[in-house]
Amino acid sequence: MTHTEELISAESAAEISRIPETGADDILRIAMDIGEGLLTSGAEIHRVELALETVCRAYGGEHVEVFCINSLLLASLRMPSGSYSSQTRRVKSISTDLYRLERYNSLSRRICADRPHPSEVDRMIREIKHKKTYPFPLIVLGYMLASGGFSVFFGGSWRDGIAGALVGFIVALLDRVRFDQVTQLVKTLLLAFCGGMLAHLSVMAGIGQNVDMIIIGSIMLLIPGLALGNAMRDLFGGDILSGSLKIVQSCMIAVMIVIGYALSILLLGGAL
Amino acid sequence: MTWERFLLGLVTSGISTLGFCLLLKLNPKRIPAAVIGGMLTNLVYDAVVLSFGNLLLAAFSSSLFMALYSEISAKIFRAPAILFIVPCAIPIVPGSYLYYTGYYLLTQQTERLAYYAKGTLQIGLGIAVGMGVASILIGIGFHVLRYLRARIHERV
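Residue numbers (our numbering), protein chains in the order written: chain L, 580 to 851; chain H, 278 to 433.
If you are wondering where the hints come from, they were derived from the structure by calculation, not from laboratory data. A hint or two may mislead.
Claimed, not checked - Partner residues are not named here, just some residues of chain H that face chain L (Cβ under 10 Å, in silico):
| no. | residue |
| --- | --- |
| 1 | Thr289 |
| 2 | Ser373 |
| 3 | Thr397 |
| 4 | Gly401 |
| 5 | Ile413 |
Claimed, not checked - Using C-beta positions, here's what the derived DEER-type ranges look like:
| no. | chain 1 | residue 1 | chain 2 | residue 2 | range |
| --- | --- | --- | --- | --- | --- |
| 6 | L | Ser736 | H | Leu414 | 36 to 46 Å |
| 7 | L | Arg702 | H | Phe329 | 47 to 57 Å |
| 8 | H | Glu388 | L | Leu845 | 36 to 46 Å |
| 9 | L | Ile786 | H | Ile417 | 48 to 58 Å |
| 10 | L | Cys830 | H | Ala427 | 41 to 51 Å |
| 11 | H | Ser328 | L | Pro695 | 29 to 39 Å |
| 12 | H | Ala324 | L | Thr667 | 44 to 54 Å |
| 13 | H | Glu388 | L | Leu846 | 22 to 32 Å |
| 14 | H | Arg389 | L | Cys830 | 20 to 30 Å |
| 15 | H | Val421 | L | Arg669 | 39 to 49 Å |
| 16 | L | Pro695 | H | Leu422 | 23 to 33 Å |
| 17 | H | Arg389 | L | Ile838 | 45 to 55 Å |
From the three backbone atoms N, C-alpha and C, an ideal C-beta is built for every residue, glycine too.
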């Protein structure tokens, strides 16, 4: 018995029959909404696939096929009545939101346990999608604590910590700016360059002492920790394709970080 | 490493992990567990570096610890393990090694470049293998638990 089958036990078949049969299109759309929500919030591939399959089976899906990579979601569903649906979602950007991820995950668990009416699930999905999880000032505080903390953690002084926090503050504001015309890689390069320039300027202004420690503190903000963590879990979970894609993506982001900081060192650090 | 530096490292790893919890928008109820996990992961890393002086072993053991800690926390809180993995792993990410690799590449100091590039790879590899081994161990553990539960049910 697979994990999904365990979640939807045989005795629940009677309960499923009490829900008026909804078309395969509607059920798959709900499942795809949850899957897309999980993927864009930063979930691993196996979790997205499992959630999609579980939701479809909870509503009586007879045959479910799901395929997911970082940027694409494909699924097909056949109901006992014979109605069939196949849908695709293209995911263009992932914005990490672990609180939202947890909410989508809880929703898929709730669907398994209670099987609420599809219209009720629709309402809950809309609520999760539109509810703000964190106020922006708290996110900025996070950037400041992480950048300042790491500046001291890697051997900097308390003054470096303060300078690191200030750099983190500005990087947080810049990160909020929407760069519609550039890719994530170019955005990372720009942020790394700005972080490096600000670190040098903070030392020139007499706030910080060790430019390298301040830069390292702000490097940590840009390192693709979630992507790497997910890549490892995907790879060892058997999702070789998506794991490899994420590793390539993470390596390219690391290269962009190095180029960004290198440019700032060339301009203000006197490396030439 | 002095005791003062050791304690400073512990405190700042906690502050940095807290910062990451906020910027990754972690559920506030999960933050204490994630911060403690980040500090303990850093503690394991420092302890292995001090005892054996081996970066690969330090990254491997701290990553293994971090992944197991995250899985246990996930079970306790009935939440996905990834919520704990990312913030807990942050203190062992080789940010300083990555910076110095880029810096010495730029300033063409070959010997130092080789040292830091090797360090970056060692830590990266150690983290990856540690997480991989942890996921295999956890998979086996859950399989055994499920098997035992089924056997107990059969007898009852």
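Here is how each hint holds up against the structure:
no., hint, verdict
1, Thr289, "4 Å, holds"
2, Ser373, "5 Å, holds"
3, Thr397, "9 Å, holds"
4, Gly401, "8 Å, holds"
5, Ile413, "7 Å, holds"
6, L:Ser736 with H:Leu414: 36 to 46 Å, "41 Å, holds"
7, L:Arg702 with H:Phe329: 47 to 57 Å, "56 Å, holds"
8, H:Glu388 with L:Leu845: 36 to 46 Å, "22 Å, violated"
9, L:Ile786 with H:Ile417: 48 to 58 Å, "52 Å, holds"
10, L:Cys830 with H:Ala427: 41 to 51 Å, "43 Å, holds"
11, H:Ser328 with L:Pro695: 29 to 39 Å, "54 Å, violated"
12, H:Ala324 with L:Thr667: 44 to 54 Å, "49 Å, holds"
13, H:Glu388 with L:Leu846: 22 to 32 Å, "26 Å, holds"
14, H:Arg389 with L:Cys830: 20 to 30 Å, "22 Å, holds"
15, H:Val421 with L:Arg669: 39 to 49 Å, "40 Å, holds"
16, L:Pro695 with H:Leu422: 23 to 33 Å, "30 Å, holds"
17, H:Arg389 with L:Ile838: 45 to 55 Å, "19 Å, violated"
In terms of the numbered hints stated before, the structure departs from hints 8, 11, 17, listed from lowest to highest.
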